[in-house]
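Protein chains in written order, with UniProt numbering: chain A, 1 to 414; chain B, 1 to 390.
To be clear, the hints were calculated from the coordinates, so they are not data collected in a lab. Please read all numbers here as calculations on a predicted model, not as lab measurements. Idealized CB from N, CA, C, for every residue including glycine. Any given hint might turn out to be false.
Unchecked claim - Here are some chain B residues pointing at chain A (derived, C-beta under 8 Å):
| no. | residue |
| --- | --- |
| 1 | F121 |
| 2 | Q126 |
| 3 | F131 |
| 4 | D134 |
| 5 | Y139 |
| 6 | G140 |
| 7 | L150 |
| 8 | H154 |
| 9 | S201 |
| 10 | I271 |
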Amino acid sequence: MTEPLQPPPKKNPLKRTRVPVSPPGTRSRAATALAVMAAEGRFALQHCADCGRIQYPPRDLCRACLSGALQWRDTDPMGQLVAETAIRATPDTHFRDRLPIRIGTVLLDAGPSLICRLHGDVSGDDRVRVINRIDAAGQAILLALPLKEVPHMQDDPALRALSCDPRHRRVLITDARAPEAPALARALLKAGASRVFLGLPEAWKPFPARSELEDIGNCSIMPLDVTDIDSVRELAAGIGGKTDILINNARFIRPGGALARPDTIFARQELDTGCLGLMRLAQTFGRAMAARGEDGVNNATAWVNILPIGALVPQPGFGLSSATGAAALAISHGMRADMRGSGVRVMNLYTGPMDDEWHQELPPPKVTPSALARAIVSALIAGQEEATAGEIARDLHARWRDDPALAIREALAK
Amino acid sequence: MTAPAPYDGVVVTAPFTAPYTRFSPHPAQYWLGSALRGSLKAAGLTPRDIDGLTVSSFTLFPDTAPGLADHLGLELRWLETVTVGGACGVVALRRAARAVQTGEAGIVACIAGDANEIDSFRRLLQSFSRFAMDASYPYGAGGPNAVFALLTDHYMRKFGATREDFGRIATAQRANARRNPQALLRGALGLDDYLGARMISDPLCLFDCVMPCAGAEAFLVMSEDRARSLRLPHARIRATIERHNAFPDDPAQYRGGWAGDAPGMWDTAGIGPGDIDLLQTYDDYPVICAMQAEDLGFCSKGEGARFLASRDMTIDGDFPHNSSGGQLSAGQAGAAGGFLGLTEAIRQVTATAGPTQVAKAARALVSGFGMVNYDRGICSAAAIIEGESA
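Chain B with its partners taken away, still in its complex shape (with noise of 0.2 Å):
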C-alpha cells in the first residue's frame, strides 16, 4: 500500500461553536446554519465566498444535505454528507482538504450539529440503524449506554480495568470543562462523586454517559495562500487515518481501527506519540478513550485505562487530554460530538483557546469514533494536525 499525499497548502480554520443547549424548539437546520454563520464571521467571509460543503447531521430529516444549501440559501459546486456519526469531524477534514487540494473546491465549510426536542432522543436510538432496530434497541432500550456498558464490562474482565481508572478520566475532563464557559456541565467533580453517582447501565454510572442536547460545530478548510491572505489563524494537516468496521470477529470490542492504521499514521507523519502536546479523543465514554490511548500508540494494550489515570490530563497537566471536558462535561450535540475535538485542537494549536488553552500547544491529536451499528462502534479516524509554531 502506498502511503498517501501529503496534505501540502491545505489548512483548517475558523473553528466555531455554536453554543448548546440541554433542549432547544430549534430544528438541524437552524443548528448548522448557526454554526456556519459564526464560522464565516470569524473568518470574515459571506456564505457566497463557500463554494464547498459538507454536512454531518442525524436529525435533518426529511431534508439531505441539497435541501439545506437551499435552505441556507447556499450555491455549491462539491457537496458532501459526511454520515460516520463520532468519526466525522476527521472524516470531513479528510474529505475537504482533498477536493481543496486537487481544485475542486476553494473554500469547504465542515458542519455538524443536531436538534434536541424533548423525547427526541428516544426516537432517533429506537431507529438509529437496522440492527439497532431489530437487535440492541428491543433488548431493554438502553441505547449506547447499554452497548458501551457491555463494552467497559468485557474491557473490565479483560484487563483487569477499574471504575477508578475511568473516573479520574472523566473527572479530569470536568476539571477542564471547568473552565470553558459553553460547557453545560460544569459543576464540581470529584472521584467520590463519580463513584458514588447512581447506575445507568452497570459498571457504567451517570458520569460516564454523555448528555445529548442541541448545538452544532463548524470549520473551514482552504488553501494556506488564502488563509495567509486573509490573515486567519490556521492549522496545517499532518496525517490522518480513516477505518470502518474493523475487527469485526471480536467477540465484544476492546479495539478500534486505529490498531491497525496507527503506525502508518506516525510513519506519515514523521513524528511519535510523545511529540504530540494535546490529544483529543473521542470521549462518548471514558473505556473509549482509553481504548484509543491504546490504538493510537500512547501505551500498551490494556494499560489505556491506567495509563491516563496516571498521567495529569487537565489543561495545565502533563497530558492534555480533551481540553474543552469533552463530550462527557459540554454535552453530545449527536453529530456535533464528531467535531468538538477537532474545533477545540484547531483553537489550541492556533493558541485562540482562550480560558482552556493548553500552554505551547502546537501538535494535537483528534481521534473519533463512531457508529454503534449494533453491539460495536464501526467508524474510526485520527489526525495529527499542527499550528504555525510547531
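One chain only, chain A, in its complex shape (with noise of 0.2 Å):
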C-alpha cells in the first residue's frame, strides 16, 4: 500500500536547506549506454545481433559468442522477483539519508536475471515490469513496478525520486504568450501541480489570454522578458526559490534560412530569446533550483527546454529557429553537466511544426497546444530528459537516432 504523497508544510526559514549529494555517478562506457535509453523511457537491454542472446549487466562483448555485435533493443520488461531485501546500513551518503532501500533480483522472462530498485506494492514472488529511469547523478538505474496499477502508485518515494512529477510542485512557464501557455498551465494542475508561475513579456501589450489564465485559477502571471537580464533577475529574486520546475517555452521564431533576408535583425532577436534568454534564465532560476534539489517533497526536479526538431535535424525552411534551437540545444547539454547530482533533470522537449501563424504555410501534421502539453507533462511525471511532442518530431528524432548525417541529408532534400 503506498501511503498518498501529503503536501509539503511550509518551509522554515530558520532551518538549512539540505544540500543535494549525488548518487554514484560513475559507469562504463556500456552502462552510460543504458542511461542514453533511460533518458527516452525505454527498457532496453543489449541483444547480440550474430546469437541472439540478451544480456546484463551490459557488456563489450556478447557472453554467449563473444560477438562485438551488440545493439540496444527495446525488450519484454515483464519478469518474477525471486529475492529481496531491504537495505538498512550503507557507507553512501546520498542513500545513507533515503534508507531503507528496497532491491530485488528479478528474473526476466526475456531471460536475464538483474538487481532493482522495488516499488513499495512490490515484494513476495510477485510478477513485476521493470522500467529504466535516469537518476539525479543521470545514470540509469531499474525499478520493478507491479504489475497493475495499484493507488497513489506515483506517490512511492523510489519511483517519484526517479520521475519529474508536477504533484505538490510549482512550475514557471517562461512565457505566458505562447500558445500552448493556457494548456500547458491546466495539463500542469490538472497533474497537480500545486501552483503554476507564467512569465509575461512586454506587460504593457494587450494580453487576450489574461482572464483564460486567471479563470483557470491557481496561476500566477508575473512580468518576464528572457531578453531583458534585470527583468529575469527580478522575477527570480522574486520566485527563483519556490520554482520546482521550469519550462521555458520562450521563443520568438521567424520562417527562413541564412540568405531569406538581407540582413540579421530577425537572427538577432530568434537568438537572443531563444539561446541568450536560456543563459539568463540558467544564471539566475538554475542557480537557485540546483540548490534545491534535496528540499523536500516539493524539491527542484526538472528544467525543461522547449526546442525545435531542427535543433537535431535542421530544417531548411526555418534554418534560423533550427540554428537557435542547436545553440540552445549545446547550452542545454553544459546545463545538465552543471546541474548533474543537484537532482534537477535538464529536458529537451523537441517539437515538430506548432499548429501556429510562422508554420501557417506548412502541410499537417502539425503540433497543437494541448499536444505539447500533454507531451510535456507525460514525459515530466515519466521522468525522460529526452522527449518529442508530434509525428514530425518523433519521425525525425528515429531517424536522427539511427543514422544522423543521412538524417540530416534527407530533410534537406526535401
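If you follow the hints, you should be able to join the two separate chains into one complex; please do so.
What follows is the structure in C-alpha cells.
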C-alpha cells in the first residue's frame, strides 16, 4: 500500500535547506549506453546480433558467443521477483538519507536476471514490470513496478525520485504569450501542480489570454522578459526559491534561412530569446533550483527546454530557428552537466512545427497546444530527459538516432 | 578429463596471522610485509631464503606484486598475483605447490592482506568491479551485505532455512573465537542476541555480516625434505579444486563451483567427508557456509543450514567448523579473509593451534569463495590438507 503523498509543510526559513548529494555516478561506457535509453524512457537491453542472446549487466562483447555486434533493443520488461532485501546500512551519503532502500533480484521473461530497486507495492514472488529511469546522477536505474496500477502508485518514494512529477510542485512557464500556455497550465494543475507561474513579456501590450488563465485558478501571471537580464533577475529574486519545475517555452520564430533576408535583425532577436534567454534563466533560476534538489516533497526537479526538432535535424525552411535550437541544445547539454547531481533533470523536448501563425504554410501534421502540453506533462511524470512532441518530431528523432548524417541529408533534400 | 597429478613431496608450513585491527593507518605494503616477516620468523628463515611469492590484496594500489617485491627487498624468480578474493588462500596454495613441485621455485611465500583506514571500505565498494560500479553499487550501495541478503532470502525461500539455522552457525563461531585471543569480536553471543540484533539488509542482521578490518596472513610452501631439514611442522596437500564462474545462468546463486568439482576432489583424495576432522568454510555470511556444506558433500542440497545447525560446530564439538571464529568473529581483513581458514587449518593439522586446537585434528577441508563481481560469488576452491599424524 503506497501512502498518498502529503503536501509539503510551509518551509521553515530558520532551517538549513538540505544540500543535494549525488547518488553514485560513475559508470562504464556500456552502462552509460543504458542511460541513453533511460533518458528516452525505454527499457532496452543488449541483444547479440549474431546469436540473439540478451544480456545484463551491459558488456563490451556477447557473453554467449563473444561477438562485438551488440544492439540496444527494447526488451520485454516483464519478470518475476525471486529475492528481495531492504538495505538498512550503507556507507554512501546519498543513500544513507533514504534508508531503508528496497532492492530485489528479478528474473526477466527475456532471460537475464537483474538487481533493481523495488516499488513499495512489489514483494514476495510477484510478477513485475521493470522500468529504466534516469537518476539524479544522470545514470540509469532499474525499478520493478507492480503489474497492475495500484492506488497512489506515483507517490512511492523510489518511483517519485525517478520521476519529475508535477504533483505538489510549483511550475514556471517562461512565456505566457505562447499559444500553448493555457493548455500547459491546465495540464500541469490537473497533474497535481500546486501553482503555475507564467512569465509575461512586454506586459504593457494587450494580453488576450489573461482572463482564460485567471479563470483556471492557481495561476500567477508575472512580468518576465528573457531578453532583459534585469527582468529575469527581478523575477528570480521573487520566485527563484520556489520554482520546482521550469518550462522554458520562450521563443521568437521567423521562417527562412541564411539567405532569406539581407540582414540579421530577426536572427539576432531569435538568438537573443531562444539561446541567450536560456542562459539568462540558467544564471538565475538555474542556480537557485540546483541548490534545492533535496528540498523535501517539492524539491526542484526539472528544467524543460522546448526546442524545435531542427535543433537535431536542421529544417531548411526554418534555418534560423534550427540554428537557435541547436545553440540552445548545446547550452542545455552543458546545463545538464552543471546541474548533475543536484537532483534537477534537464529535459530537451523537441517539437515538430506548431499549429501557429509562423508555420501556417506547412502541411500537417502540426503540434496543437494541447498535444504539446500533454507531451511535456507525460515526459515529466516519466522522468525523461529526452522527449518529442508530435509525429514529425518523433519521426525525425528516430531517423537522427538511427543515422544522423543520413537524417540531415534527407531533410535538406525535401 | 584426467585426474590431476598428486602433490607428492610438497608441503605447506609456517602459518602466520598478523594481528588484525579494526582501523589502521598502515598501508597494505606494511601489512603484507609484516605477515611475511612473521611467517619467515616462524620458519627460521630470512627474506633471502625465499625465491617465490604469491600476493593477494585489494588495497596495494598503485603497486602491483613487483612493486611490493621492491618495497620488501625481495629477489624472486617466481612471482604470482592471486586476485580471487576469498578463494585466494587455496588458489595461492595450488599455484605455489606446483611451482615447488616442478622446480620453478624453491620456497614460495604466500601472503594476503589489506589496509583499512576510515572510509576505505566505501571507496573499495564503489569501484570493486565494473559490474558492481555499473549495476549493484548504485542500487543502495549496500555492498556485499545487500547482495548476500538477496542470496540468503532466495535460499530461505527455496529451501526453507531459518534465521535460527544461520544464527547457530554465527554463535558457534563466536564460541570458538572466545578461545582465540586474536579474534576482534570475542564477546559472548547467544542465539537470542543474534535474533534480536539490528537488521543490516533483511534477512541479514548485524551478526551475519563480517567486520572489515586491517590485517594479513602468510604461509610458506616448500619441499617436504626442506621442511624436515628445517624441523618445521608441516601439512601435505591431499587434493584441491578450483572453479570460476560456475552456473552463471542460475537466476540467483544457491550453489557454487564445488557442486561440480567436489566428487572429483574426493576421488583424488581417496577419502570421503566422514574422514574430515575439521571443516573450514569461507564464512563471509552464514548462508555461504551452508552452501559449502552441501556442495562439498557433507549433506544434500538445501540441507546445509539445518545440517550445520544440528551439529555442534565448536572446537570440542562433533563437527568442528571455523575453529578460529572465522571471519564472522575474527574480522575480514580484505584478501586475508581468503587465507584465514587455511592458516588456521595448517595450525590445526600440525597441532600448533594452541587455545583453539581441535583434539586429534589430522585432516582438514578448507574451502574458499570469492569475488562478488555482480550478484554472486564467482570463484570457488577447496583443499584437503593433512598433518603428519594422518
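Going down the list of hints, with the structure as the test:
Given hint, F121(B) at the interface with chain A, holds; its Cβ is 6 Å from that chain's nearest Cβ, closer than 8 Å. The interface hint given for Q126(B) holds, since its Cβ lies 6 Å from the closest Cβ of chain A, which is under the 8 Å cut-off. Because the beta carbon of F131(B) sits about 5 Å from the nearest beta carbon in chain A, less than 8 Å, this interface hint is met. Below 8 Å, beta-carbon pairs count as interface contacts, and D134(B) has one with chain A at about 4 Å; its hint therefore holds.
Among the interface hints, the one on Y139(B) holds; its C-beta lies about 5 Å from the nearest C-beta in chain A, closer than the 8 Å criterion. Taken as an interface hint, G140(B) checks out: its beta carbon lies about 3 Å from the nearest beta carbon of chain A, inside 8 Å. Interface hint status for L150(B): upheld, as the beta-carbon distance to the closest one in chain A is roughly 4 Å, under 8 Å. Below 8 Å, beta-carbon pairs count as interface contacts, and H154(B) has one with chain A at about 4 Å; its hint therefore holds.
The closest approach between the C-beta of S201(B) and any C-beta of chain A is roughly 5 Å, which is under the 8 Å cut-off, so the hint is satisfied. Annotation: interface hint on I271(B) violated; nearest CB of chain A at approximately 36 Å, more than 8 Å.
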